[in-house]
Amino acid sequence: MILEASNISRNFGAVRAADNISFTVEEGMAYGILGPNGSGKTTTLGIVLSVLKADSGSFRWFGNKPSPEVYRRIGSLLEVPNFFPYLSLARNLEVIARIKEVPLTDIDRVLEETGLLKRRSSRYFQLSLGMKQRLGIAAALLGDPEVLVLDEPANGLDPEGIAEVRSIVSLQRERGKSIIMASHILDEVEKVCTHVAVLKGGKLITAGKVDELLKGEVLVIASTGDPAALGRAIESSGIASSVVVKETLAEIILNEGYDSAAVNRVAYENGIMLSELKVKKSSLEEQFLELIREK
Amino acid sequence: MRGLKKIAMIEWAKVAPYGFVRTMIILLALLFFLVIFASSRIDISVPGFSWRNIYRFPYNWSSFAWVASWFNIFLSIIVITVTGNEFQHRTFRQQVMNGYDRSEWLAGKGILILFLALTGVIMVTLTVVIFGFAMTPDLTLKALFSGISVLPVYFLQATGYMVIGMLFVTLLRSNALSIILFFLYFIVIEPVIRVMAPAEIRPWFPVKIISHLTPTPEILQLASQAGEEASSALTFEGLGILPRQLPQNINLVMALVYILLFGTLTWLIIRKKDL
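Protein sequences appear in the order of chains A and B. All the letters of the first sequence, read from the start, carry residue numbers 1 to 295 under this note's numbering. All the letters of the second sequence, read from the start, carry residue numbers 1 to 275 under this note's numbering.
Some clues are possibly wrong.
Unchecked claim - Okay, derived cross-link-like pairs now, DSS-like style, lysine-lysine, Cα gap no bigger than 25 Å in a straight line: (1) 53/A x 203/A; (2) 209/A x 280/A; (3) 273/B x 203/A; (4) 200/A x 53/A; (5) 5/B x 53/A; (6) 191/A x 280/A; (7) 177/A x 65/A; (8) 272/B x 65/A; (9) 209/A x 246/A; (10) 209/A x 191/A; (11) 246/A x 280/A; (12) 177/A x 209/A; (13) 65/A x 203/A; (14) 142/B x 65/A; (15) 53/A x 273/B.
Hints were generated in silico from the structure; no laboratory data involved.
Let's have the full structure, built from the sequences with the hints guiding it.
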């Protein structure tokens, strides 16, 4: 077991930032903490990284109580990268390498992996936002930690930067690292994580496997000369949960286990000619918004 | 907690390349040397008095330590800035996440304070030696070393100034505000409180105690050609020019108590607060 958080709570004045949050991260998981801004993601990670104090609750890393020794086995990036602006990249990483007690030779390895080796002598304040974010990830990779804890790693980056960060994280995932990643970007969680906990207003709404929690509905748009007849046929076939008939088409939301071929088959069996059949998976974002609206 | 050597290496990696620290130390040394040098060129020729005694062994140990104490503010500003940077850039937070214990971080700052105090001691020693050898006629071994005991006292005083700065910046987490509070506390807040306090507790306030560790040299006494044989009434305190001070041994103990107290308060704040 990598991390077990039990009933973590934290108030900031009248605001309940984390409300009785419990979750478990097992080895090899890529665990996403998903939620809109202000949902308690950073507070939760801040508490398990021991930089914020919990009002109540407890957590264990690798089955142990939190300690500096435990944190040396974790690579972390919370919110924005935090470095000395007047120090060079190599010097900033040297501070962390000394704290983590890893060889200083590892500095060039992580700079290489994050594409910053050529800038090793540049000062931190001279870097672009994307480079700063990559240096944050480089610092997290120092010492080849067992777990990476990343809070909004693609925050503020342009699409190219997001892709770069995602590929770095995915590489670590392929190497078998456990990853805990907070994000409000659903696409990011879906692409990187195996498991997810959804937070809203400091509360854990749901947790589980990504593909189970965020499974998509299939929407089929069928164009035909007689959409009303198609609608009736689909309804009576029992393959759809909903059919909306419009002037020249029918919008069909299929039940689980059916695909567009089933629509085609029903139309054929009922002698209805289809001029066009479009398949659209409902967006993850729509489902996520639905999920947090429901609770 | 890891060894102090490792903590010192971590602190060194953070501070050594920081131009501000180097500039402040160089500025401090230059200003100190300049003040000593410029004042040494003054020649007050009153029969029976010689200003030059202040620059001669063994009196220069205490008089130079007193002059150096004016510049302790530089050392405090270094500590406030270096520590405040760790809050403002959130590097302290990052270090804790990377496995640096809060107590280790504070120990690192303690090592920095001791290093800076030692730098001050070296600066005073070098200046004393240069001016002492240049200006002391008939130098004896006894005269050379008899005033050297002021060095650990100056070391303690510089440490005290920096520990107060450290407490303020830990509390406020802002370099600018902490430097302002530091000045206000030394120049306005404590002196005003002292004036309002009963006379018997006035000498017991922290700034009073710490700043009095290197007392104003008894220039009247030193400048007298009789020097150490001068009358004890020929002192600023004896003449009523300076307020009553605590005896030096009590002052030393109290300074140590305050340093430990402020260090403990700093630790309690660091341990309790979010990063």
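Here is how each hint holds up against the structure:
1. 53/A x 203/A: Judged against 25 Å, a Cα distance of about 17 Å means the pair holds.
2. 209/A x 280/A: 23 Å, holds
3. 273/B x 203/A: Within the cut-off at roughly 24 Å; holds.
4. 200/A x 53/A: 20 Å, holds
5. 5/B x 53/A: 30 Å, violated
6. 191/A x 280/A: 19 Å, holds
7. 177/A x 65/A: Holds. Residue 177/A to residue 65/A sits at ~21 Å (cutoff 25 Å).
8. 272/B x 65/A: 18 Å, holds
9. 209/A x 246/A: Violated. Residue 209/A to residue 246/A sits at ~36 Å, over the 25 Å cutoff.
10. 209/A x 191/A: 13 Å, holds
11. 246/A x 280/A: 17 Å, holds
12. 177/A x 209/A: 17 Å, holds
13. 65/A x 203/A: 24 Å, holds
14. 142/B x 65/A: Not OK: residue 142/B and residue 65/A at ~60 Å, beyond 25 Å, violated.
15. 53/A x 273/B: Status holds; Cα separation ~8 Å.
The structure fails to meet hints 5, 9, 14 from the earlier list, while all remaining hints are met.
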